[in-house]
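Kindly generate the complete structure, drawing on both the sequences and the hints.
One-letter residues, chain by chain:
Number of protein chains: 2
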Amino acid sequence: MSILVVGSVALDTIKTPFGREKDVLGGSATYFSISAGLFGCVRLVAVVGNDFPKRYVSFLKKKGIDVRGLAVKTGKTFRWEGEYGWDFADPRTISTRLNVFSDFDPVIPEEYKKSEYVFLANIDPELQMKVLGQMTRPKFVACDTMNYWIENKRKHLTRLLGKIDLFFLNESEAKELTGCSSIIRAARGILKMGPKRIIIKKGEHGSLLFSENSVFSTPAFLLESICDPTGAGDTFAGGVMGYLSTQKTVNDKSIKRAIAYGGVMATFAVEDFSLMRLASVKKTDIKKRFENFRRLTSF
Amino acid sequence: MSILVVGSVALDTIKTPFGREKDVLGGSATYFSISAGLFGCVRLVAVVGNDFPKRYVSFLKKKGIDVRGLAVKTGKTFRWEGEYGWDFADPRTISTRLNVFSDFDPVIPEEYKKSEYVFLANIDPELQMKVLGQMTRPKFVACDTMNYWIENKRKHLTRLLGKIDLFFLNESEAKELTGCSSIIRAARGILKMGPKRIIIKKGEHGSLLFSENSVFSTPAFLLESICDPTGAGDTFAGGVMGYLSTQKTVNDKSIKRAIAYGGVMATFAVEDFSLMRLASVKKTDIKKRFENFRRLTSF
Numbered sequence: 001m002s003i004l005v006v007g008s009v010a011l012d013t014i015k016t017p018f019g020r021e022k023d024v025l026g027g028s029a030t031y032f033s034i035s036a037g038l039f040g041c042v043r044l045v046a047v048v049g050n051d052f053p054k055r056y057v058s059f060l061k062k063k064g065i066d067v068r069g070l071a072v073k074t075g076k077t078f079r080w081e082g083e084y085g086w087d088f089a090d091p092r093t094i095s096t097r098l099n100v101f102s103d104f105d106p107v108i109p110e111e112y113k114k115s116e117y118v119f120l121a122n123i124d125p126e127l128q129m130k131v132l133g134q135m136t137r138p139k140f141v142a143c144d145t146m147n148y149w150i151e152n153k154r155k156h157l158t159r160l161l162g163k164i165d166l167f168f169l170n171e172s173e174a175k176e177l178t179g180c181s182s183i184i185r186a187a188r189g190i191l192k193m194g195p196k197r198i199i200i201k202k203g204e205h206g207s208l209l210f211s212e213n214s215v216f217s218t219p220a221f222l223l224e225s226i227c228d229p230t231g232a233g234d235t236f237a238g239g240v241m242g243y244l245s246t247q248k249t250v251n252d253k254s255i256k257r258a259i260a261y262g263g264v265m266a267t268f269a270v271e272d273f274s275l276m277r278l279a280s281v282k283k284t285d286i287k288k289r290f291e292n293f294r295r296l297t298s299f
Numbered sequence: 001m002s003i004l005v006v007g008s009v010a011l012d013t014i015k016t017p018f019g020r021e022k023d024v025l026g027g028s029a030t031y032f033s034i035s036a037g038l039f040g041c042v043r044l045v046a047v048v049g050n051d052f053p054k055r056y057v058s059f060l061k062k063k064g065i066d067v068r069g070l071a072v073k074t075g076k077t078f079r080w081e082g083e084y085g086w087d088f089a090d091p092r093t094i095s096t097r098l099n100v101f102s103d104f105d106p107v108i109p110e111e112y113k114k115s116e117y118v119f120l121a122n123i124d125p126e127l128q129m130k131v132l133g134q135m136t137r138p139k140f141v142a143c144d145t146m147n148y149w150i151e152n153k154r155k156h157l158t159r160l161l162g163k164i165d166l167f168f169l170n171e172s173e174a175k176e177l178t179g180c181s182s183i184i185r186a187a188r189g190i191l192k193m194g195p196k197r198i199i200i201k202k203g204e205h206g207s208l209l210f211s212e213n214s215v216f217s218t219p220a221f222l223l224e225s226i227c228d229p230t231g232a233g234d235t236f237a238g239g240v241m242g243y244l245s246t247q248k249t250v251n252d253k254s255i256k257r258a259i260a261y262g263g264v265m266a267t268f269a270v271e272d273f274s275l276m277r278l279a280s281v282k283k284t285d286i287k288k289r290f291e292n293f294r295r296l297t298s299f
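Note that the protein sequences, when read in sequence, are chains W and D. Each residue of the first sequence is one higher than the one before, starting from 1 at the first, in this note's numbering. Each residue of the second sequence is one higher than the one before, starting from 1 at the first, in this note's numbering.
It is worth saying that the hints were derived from the structure and are not from the lab. Incorrect hints may have been included.
What the hints assert, rightly or not - Below, in silico cross-link-like pairs of lysine-lysine (DSSO-like), each with a Cα-Cα straight-line distance of 30 Å or less: (1) W:K288 <-> D:K196; (2) W:K202 <-> D:K54; (3) W:K202 <-> D:K253; (4) W:K256 <-> D:K76; (5) W:K192 <-> D:K288; (6) D:K253 <-> W:K253; (7) D:K256 <-> W:K288; (8) D:K202 <-> W:K256.
Unchecked claim - Stretch by stretch, here's where chain D covers chain W in the computed footprint (C-beta under 8 Å, at least three residues): (9) 183-197; (10) 205-218; (11) 257-266; (12) 285-299.
We put the beta carbon where it would ideally sit given N, CA and C, even for glycine.
Below is the structure:
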């Protein structure tokens, strides 16, 4: 089944202890697309400037991503520059230049409106809601957010959450959104805001899934070395949504597996700069790592 | 099979956001004993002062712990006072008075020397080695340590590690011992020091098991509320060793289950002050929580 993603396509400049890469392909919708695209048919809605390299568009197409929803506007593409330390925790943002992304007002192409799975990547919750308004009864809607929207668009965000099947957020966002220091209480509080399920991402410590009646905890897959964690969260979401789109129903069993697949996809994302490792991942690589992951965690 | 533990029996004064308890039963060997004692026969070697309340000795006996190795010396019992904040991370130590524990020189009673399982709780590695020297070919030896010994007795510690089957330590200790910021590299470095297996404890994020050929990752069991995390690590070790003592062999399968049982025991420990919750745990409670834990983590 088809998956619609609405988010950013960006040019990232990334510095890590292993080097620096300038104006490489990035953005939440990009990472999500490449990851989910390894499972199903992905339709991308985003905006870039007329400086956006054609080779990146070709790359997305070659990977099977439907880019009819990728608008090209006069101006510059969204650029982000960040630096990671040895601990690979939250990066230090050196600069964020929204450029054409600052006026992003997603228009969903007619041929996308019946997409069954929808992922609203981290953009203004008002825009996320506008996207939903354009869709024809999607089967399953997920979204991401960030601290900025929690602080500045709380009302819009909580209104959106009532329409969400799966809400992705990280630990600090969960605590900030609810004012609870206990993660389990924070999760309960967020579920009351309306989403059917939430996934709290804990980076190298894995993730937690909460629904009204269940909790599921997964550790992260251990990696010998991390090169660039940019996009790990969106790649994770791409794996989760991609796997779900191949399943008949979304239930506890399928979503637990989806989370494991999401974790596996994230490990590929961080092994090299930008999408360099993800670009070469094959279905057999995913299957193999998934089986390793299961062996590593079952008792 | 029998399990010998050598460590501290203490009187703790603990402050948490939920209250303050003065001079309550504590100490690494105490938590370990009560936890492991729910699986097998535990023999305790420790020292207390003549101020140590008789009711605590009765409690240990009632729980089936063999206390013939608990020496009573003239003087005061080891006292520790600490305070936890809302995040329940590492406590702030208010005072540590070693008292009779400062001259602790463990003498293993004749009838303990053939114990098959040995747990050397966090004491001076020189003393840990002396204990081993008194034992008659134990089947399986585990030890714990702390940053103080890593900093001040590194040589003795690394010498000891060559004789250890299972080394328990936490994440920051693993990094400090090896100077590696990557946990997987730190683990490799420690394995080279000699222990057959190591368990890296990550508190609320679970634990990692490393051996030459395998890695195993377990998330922590999620708790609605934590009351007092004191002793969680020793209770965890008690569950691991206790479960292993019921198994014919220590292999990847049994040790993975042992770690899950350790995690389950730790959740009981933190639910109330001191050993108050652990004291009332029944085998059926353990089994039930273990099954929940498995359901919570398998995919």
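Check of the segment 205-218 of chain W against chain D for coverage (Cβ-Cβ below 8 Å, three residues minimum): Per the Cβ count (7), the hint holds.
Holds or violated: W:K288 to D:K196, with C-alpha atoms at most 30 Å apart: Satisfied, since the Cα-Cα distance of roughly 27 Å is no more than 30 Å.
Agreement of W:K192 and D:K288 with the hint, judged by alpha carbon distance not exceeding 30 Å: Holds. W:K192 to D:K288 sits at ~28 Å (cutoff 30 Å).
Straight-line alpha-carbon gap D:K256 to W:K288, limit 30 Å: holds (21 Å)
30 Å Cα cutoff - pair D:K202, W:K256: With a Cα-Cα distance of about 23 Å, the restraint between D:K202 and W:K256 holds, given a limit of 30 Å.
Hint consistency between D:K253 and W:K253 [alpha-carbon to alpha-carbon, up to 30 Å]: It holds: about 24 Å lies between the C-alpha atoms, which stays within 30 Å.
Hint consistency between W:K256 and D:K76 [alpha-carbon to alpha-carbon, up to 30 Å]: violated (53 Å)
Holds or violated: W:K202 to D:K54, with C-alpha atoms at most 30 Å apart: violated (46 Å)
Straight-line alpha-carbon gap W:K202 to D:K253, limit 30 Å: With a Cα-Cα distance of about 27 Å, the restraint between W:K202 and D:K253 holds, given a limit of 30 Å.
Whether chain D covers the segment 285-299 of chain W (at least 3 residues having a Cβ closer than 8 Å to its Cβ atoms): Three-residue rule met by the segment 285-299 of chain W, so holds; n is 5.
Outcome, coverage hint (the segment 257-266 of chain W, chain D; C-beta under 8 Å; three residues): With 3 residues close enough to chain D, the hint holds.
Annotated coverage of the segment 183-197 of chain W by chain D, confirmed only when three residues or more have a Cβ within 8 Å: holds (count 3)
In this structure, the hints that do not hold are numbers 2, 4, in rising order.
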